[in-house]
Amino acid sequence: MEETILTAKDLKFRYDPDSPVYALKGASMEVKRGEFVAVLGANGCGKSTLAKHFNAILLPEAGTVLVEGMDTADEDKLYDIRQTVGMVFQNPDNQIVATVVEEDVAFALENLGVPTDEMRRRVDDAMKMAGIYKYRERAPHKLSGGQKQRVAIAGVVAMRPDCLILDEATAMLDPRGREQVMQTIRHLNKTMGITVVSITHYMEEAAQADRVLVMSQGEVVMEGTPKEVFSQTEKVRSLHLDVPQAAELRDELVKAGVPLPEGIIDTGECAQALYELLK
Amino acid sequence: MLRDITIGQHFPGDSLVHRFDPRLKLVLTILYIVLLFAASNPLGLALSILFLAVMYKVAKIPLKMIGRSLKPILPIVLFTAVLNLFFVTGQGEPLFQFWILEIYPEGVRYAILMSVRVMALIAGTSLLTYTTSPIVLTDAIEALLRPLGKLHFPVHELAMMMSIALRFIPTLIEETDKIMNAQKARGAMLDTGKLTERVKALVPVLIPLFISAFRRADELAMAMECRCYKGGEGRTRLKVLRCTRQDYISLAVCLVCFGGILASRLLFPNF
Chain A
3 MEETILTAKD LKFRYDPDSP VYALKGASME VKRGEFVAVL GANGCGKSTL
53 AKHFNAILLP EAGTVLVEGM DTADEDKLYD IRQTVGMVFQ NPDNQIVATV
103 VEEDVAFALE NLGVPTDEMR RRVDDAMKMA GIYKYRERAP HKLSGGQKQR
153 VAIAGVVAMR PDCLILDEAT AMLDPRGREQ VMQTIRHLNK TMGITVVSIT
203 HYMEEAAQAD RVLVMSQGEV VMEGTPKEVF SQTEKVRSLH LDVPQAAELR
253 DELVKAGVPL PEGIIDTGEC AQALYELLK
Chain B
3 MLRDITIGQH FPGDSLVHRF DPRLKLVLTI LYIVLLFAAS NPLGLALSIL
53 FLAVMYKVAK IPLKMIGRSL KPILPIVLFT AVLNLFFVTG QGEPLFQFWI
103 LEIYPEGVRY AILMSVRVMA LIAGTSLLTY TTSPIVLTDA IEALLRPLGK
153 LHFPVHELAM MMSIALRFIP TLIEETDKIM NAQKARGAML DTGKLTERVK
203 ALVPVLIPLF ISAFRRADEL AMAMECRCYK GGEGRTRLKV LRCTRQDYIS
253 LAVCLVCFGG ILASRLLFPN F
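Line by line, the protein sequences give chains A and B. My numbering applies: residue 3 is where the first sequence begins, and numbers increase by one. My numbering applies: residue 3 is where the second sequence begins, and numbers increase by one.
Pulled out of the complex, with its shape left as it was, chain A reads as follows (with noise of 0.2 angstroms):
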């Protein structure tokens, strides 16, 4: 369990060589076998930009990224690499290929040249795991934001990936679509052992998470379980981020005299201490 997946040291990578502005400079993280780690950061904070390098897309200007041992900057191992560690962007419209959903879902299994009886099965069970069996034979121009993502998750999760990496999967979801990714998203690493990287903006995703990574201008700022991020209010506010609602009501309640527990993120952890108060 203790076995890292994910290595990224000291990081370093600007987008445009010519120009002194870095978009990472010097960020290292680690991440360990069937973890769920969320990635917190300010627009621009170089998140995406980390997340992408994770699997080849881009290669670093200084540092090491390793995957599984593998490093991305060797180029004999891309694919095995690609396979390892899936990704999901943002926009589902852009990242779907074929124009009936099981066609696409099986798009990565036939580049990597997996038998056709083989694909099948492995097709059904992406689909199945996703929640979109029923819609397979449909066109995905005709599904709704959130089926189309967990399209999208299927067809990576097709690869039999040993990590997920979200890039803000949820952020263009309308409420309802974005339950139904993470409760996908939460199957996959509790049944599946995938383990789950999530870029999001989202502060109640996060506090579901097991370890929250903070990142600002290029760097890891904060590491920690939820609970010791999210209590750090001043801190998380100053990098430009919300904390989850039912911190910020503790912080003022605290403010305000009323004597509360720390790392209190959710609310079901808010009602349950207000109850004992007022007990």
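Calculated directly from the structure, the hints in this document are not laboratory data. On a predicted model such as this, the values are computed, not experimentally measured, just so you know. Just to be clear, a hint being listed does not mean it is correct.
As the list claims (entries may be wrong) - Straight-line C-alpha distance at most 25 angstroms; calculated SDA-like pairs for lysine to any residue:
no. : chain 1 : residue 1 : chain 2 : residue 2
1   : B       : 241       : A       : 122
2   : A       : 54        : B       : 220
3   : B       : 73        : B       : 28
4   : B       : 232       : B       : 186
5   : B       : 241       : A       : 117
6   : A       : 144       : B       : 152
7   : A       : 130       : B       : 159
8   : B       : 152       : B       : 240
9   : A       : 34        : A       : 62
10  : A       : 144       : B       : 21
11  : B       : 180       : B       : 215
12  : A       : 144       : B       : 174
13  : B       : 241       : B       : 17
14  : A       : 130       : A       : 140
15  : A       : 54        : A       : 31
16  : A       : 229       : A       : 278
17  : A       : 144       : B       : 28
18  : A       : 54        : B       : 217
19  : A       : 54        : B       : 223
Unchecked claim - What the simulated footprint calls covered on chain B by chain A, stretch by stretch (three residues with Cβ under 8 angstroms from a Cβ of chain A suffice, anywhere in the stretch; the number is not a length):
no. : region
20  : 30–44
21  : 169–182
22  : 223–231
23  : 240–254
Said to hold, decoys possible - Just the calculated beta-carbon pair ranges, DEER-fashion:
no. : chain 1 : residue 1 : chain 2 : residue 2 : range
24  : B       : 156       : A       : 16        : 33 to 39 angstroms
25  : A       : 122       : B       : 201       : 46 to 52 angstroms
26  : A       : 16        : B       : 155       : 53 to 59 angstroms
27  : A       : 78        : B       : 147       : 29 to 35 angstroms
C-beta atoms are modelled at their ideal positions from N, C-alpha and C, and glycine is treated no differently.
For chain A, the structure is supplied; the task is to place chain B on it using the hints.
Same frame as chain A, but now just chain B:
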């Protein structure tokens, strides 16, 4: 308003014609076009049309669909008919004479034959698109062109481009609709004014559409790379086109019909 546009003219169904192997269907359609020109006597044409009518019946495509597919080409049909009518000259006396216009019996014959042939041609190719979804058709084209791959013709790339284009047509139509509404909200007059004004008003619609299409292309390329896309080599398919016994039987029946129609031309050249 743009949302009403349907892509291709696919008419889903589960008939023998629908299930027929798309590769064979494509080849037979091409043969049918050749046949229309080879068996050009009235009897041959009549038989060809009869064959097509039977196929439409088997495919359970309502006949009014033929009318719909013929409507856009009606001007062309009329144009060729009129040209044939006035410019084909015969040996005998003209049927009708007025100023420099002369109509000969041969002209009438050719005009009718030509229009019927063009209409049969359109109806025949429409049957292919009615009964085959665009994506299956793309697969068929890829399969049929595959031998050209040996000559370094980019068959897979071509098929990939076609299927991506098909995939993005609805997305881009929706986007055009949104952009048009956004520009209208800013006071753009898209539906009024002279033709030149309306064309000019489209520029602020097309430019954002192009930019967004390029962005989409960029993201799509990245998503494809993430899913290990590396070109056509070593690729397998989820759905492999396979000819069944039924396909071969259908093929044989069609070929016999075609042969019969062609033979009728040779046996009764005067009809």
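Hint check:
1. B:241 - A:122: holds (9 angstroms)
2. A:54 - B:220: holds (14 angstroms)
3. B:73 - B:28: Holds. Residue 73 (chain B) to residue 28 (chain B) sits at ~23 angstroms (cutoff 25 angstroms).
4. B:232 - B:186: Distance ~42 angstroms between residue 232 (chain B) and residue 186 (chain B) Cα, so the pair is violated.
5. B:241 - A:117: holds (11 angstroms)
6. A:144 - B:152: violated (38 angstroms)
7. A:130 - B:159: violated (31 angstroms)
8. B:152 - B:240: OK: residue 152 (chain B) and residue 240 (chain B) at ~23 angstroms, within 25 angstroms.
9. A:34 - A:62: holds (21 angstroms)
10. A:144 - B:21: The hint holds at about 24 angstroms.
11. B:180 - B:215: It holds: about 14 angstroms lies between the C-alpha atoms, which stays within 25 angstroms.
12. A:144 - B:174: holds (14 angstroms)
13. B:241 - B:17: holds (20 angstroms)
14. A:130 - A:140: holds (15 angstroms)
15. A:54 - A:31: holds (14 angstroms)
16. A:229 - A:278: Within the cut-off at roughly 20 angstroms; holds.
17. A:144 - B:28: With Cα atoms ~28 angstroms apart, residue 144 (chain A) and residue 28 (chain B) exceed 25 angstroms; violated.
18. A:54 - B:217: holds (17 angstroms)
19. A:54 - B:223: At roughly 14 angstroms apart (the allowed maximum being 25 angstroms), residue 223 (chain B) and residue 54 (chain A) satisfy the hint.
20. 30–44: Per the Cβ count (0), the hint is violated.
21. 169–182: holds (count 4)
22. 223–231: holds (count 8)
23. 240–254: holds (count 3)
24. B:156 - A:16: 33 to 39 angstroms: 35 angstroms Cβ-Cβ, so the 33 to 39 angstroms window holds.
25. A:122 - B:201: 46 to 52 angstroms: holds (50 angstroms)
26. A:16 - B:155: 53 to 59 angstroms: Because 40 angstroms falls outside the window, the suggested range is violated.
27. A:78 - B:147: 29 to 35 angstroms: holds (32 angstroms)
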